[in-house]
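K.L.:
Sequence positions in the sequence shown follow our numbering and run 1 to 453.
Since the hints were made in silico from the structure, they are not lab data.
Check the hints yourself; a few may be wrong.
Restricting the straight-line Cα-Cα distance to at most 30 Å, the calculated cross-link-like pairs of lysine-lysine (DSBU-like) are [claimed, not checked]:
no., residue 1, residue 2
1, K171, K121
2, K171, K223
3, K171, K182
4, K307, K285
5, K330, K285
6, K381, K307
7, K287, K308
Here are the computed distance ranges between Cβ atoms for each label pair [said to hold, decoys possible]:
no., residue 1, residue 2, range
8, R242, Q198, 33 to 39 Å
9, K223, H245, 24 to 30 Å
10, H419, K307, 46 to 52 Å
11, A345, D161, 23 to 29 Å
Cβ coordinates follow ideal geometry from the N, Cα and C atoms, glycine included.
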Amino acid sequence: MINVNNMSEISMNVSPSASTSSFKSMENVVNSSTEEASHTTSILEDIPNEFLEHDNHTDPISTPSHESEELSGELRQLMNKNNQLPDIPTPLEDKYIEDSLSEIKINSDDNFWLTEDWQRKERHIFILSSSGKPVYSRYGCEDKLATLFGVMQALVSFVQDTDEDRIQSIKAGDLYFSFLPKGYLVVVSVCQHHHSDQTLLQQQLLYIYNQIISTLTLSQLTKIFDQHRNFDLRRLLSGSERLIHTLVEFTETEVDFVLASYRCLTLSSSIRDQISHVLSSAVSKVKNLVFIILIGADRIISYLHMKKYNLRPMDIHLILNLVRSSESFKTGEIWTPLCLPQFDASGYLYSHVSYLADDCAACLLMLTVDKNLFFTLSEAKQVITEKLRRAKLLDEINTALSSSHSLLTSSLNITSLRHFVYKCKQTSQLICPQYEAPYVANSNFGSASIQSR
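Given the sequences, and given the hints that come with them, work out the whole structure.
P.N.:
Structure representation (structure tokens):
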């Protein structure tokens, strides 16, 4: 239970956060279990030479690549041209801001955060603007927590104004507050002290921040708050709360997050190569197509990309979270803008999203910088489905999906091995079997790992 009244023994941390924890791999353990998913090779159409300008940006958790992933000048111009979306009809007048503040005052309940039910929650997540405006609360209504949001904003401002530093964490009794100030937004986590690990908590908050950027883009967010610092961002995020909810659960329960990696659907290399060949051949003449990702059961089936460009694990997690959270994708073909913050935080890619067939629960995403490619990609999707069906590859995918969670440590016949997690550093791919005794009584690995590290 979280007791926000116990505020004794407060300590504050504003020092730089520690580097991401390193994890040892078990390279000799899984060689006999499954074949490596060789689907990350670049087999799409080459980018013209004038697109290939790069910088020296690197990231310790990115998928290793010999080439930088910075967008080239011409590709950037094309994205900027196609990202000129219609102006969002948001009432930015001063009268609207005054009315919003009055509405919060009327609806606010300063005692709501003192209720036993709210305090019983073990992990809270809050998002607020740099001016203290509520954006998101994992539990409860943001308007009823307006006072609490104001306190958190005051703490951030006090450290910034007094020490010209950035607050990272506060210990208050048995509570641990973790802060991530990012431009015009502040993301805060509150949990019991034994759940806390500053590195993982900061990474979790960064994921949540990037989920908002994925919805709005950094340039749109900056433009809004440059014009009106008191703008209520919830109007633009309406309907996307589910994305944040499911992402928070993912960061608390999955080892993929802890190891900055992603899982692949278990398939033989020959079957995966055939699937990738079908995808590649169907779009070989489509220009400005950057990524193709085939997903099933929260796992990557095939992943194709333009040469010189690659996706980092965090962006892949955001894509998986989008598919996981959106039931509407199952009803037909969807054309939606999607920002991938680690690929390019300032612009959208346009995504054609659809499931392969009614009898196959694999979701296909084709991402392009050209906003006029919907019908072209729709035709390509039909070709892909027909070719996969004729080659009986849909049946292979369905078989793999039905057994996607069936890998057991005991099936490897390795004496004394109870469980393992293996990450390939070169590809950021992960393999992890299902839990067996003595771990089945507490299968929430993510929470356990966050608590123990």
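K.L.:
Does the alpha-carbon distance linking K171 and K223 stay inside the 30 Å limit?
P.N.:
violated (35 Å)
K.L.:
Can you confirm whether the C-alpha distance between K287 and K308 stays at or below 30 Å?
P.N.:
holds (16 Å)
K.L.:
For the pair K223 and H245, does the Cβ-Cβ distance stay inside 24 to 30 Å?
P.N.:
holds (27 Å)
K.L.:
Regarding the pair K330 and K285, is the alpha-carbon distance no greater than 30 Å?
P.N.:
The hint holds at about 27 Å.
K.L.:
Given the hint of 23 to 29 Å, check if A345 and D161 actually sit that far apart at their C-beta atoms.
P.N.:
Check passed, 27 Å falls within 23 to 29 Å.
K.L.:
Is K307 close enough to K285, meaning Cα to Cα at most 30 Å?
P.N.:
holds (15 Å)
K.L.:
Do H419 and K307 keep their Cβ atoms within the hinted range of 46 to 52 Å?
P.N.:
violated (38 Å)
K.L.:
Is the Cα-Cα distance between K171 and K121 30 Å or less?
P.N.:
holds (18 Å)
K.L.:
Do R242 and Q198 keep their Cβ atoms within the hinted range of 33 to 39 Å?
P.N.:
Cβ of R242 to Cβ of Q198: about 28 Å, so the range 33 to 39 Å is violated.
K.L.:
K381 and K307: Cα distance at most 30 Å?
P.N.:
holds (22 Å)
K.L.:
Would the pair K171 and K182 pass a check requiring their Cα atoms to be no farther apart than 30 Å?
P.N.:
holds (21 Å)
Hint check: violations occur at hints 2, 8, 10; the rest are consistent with the structure.
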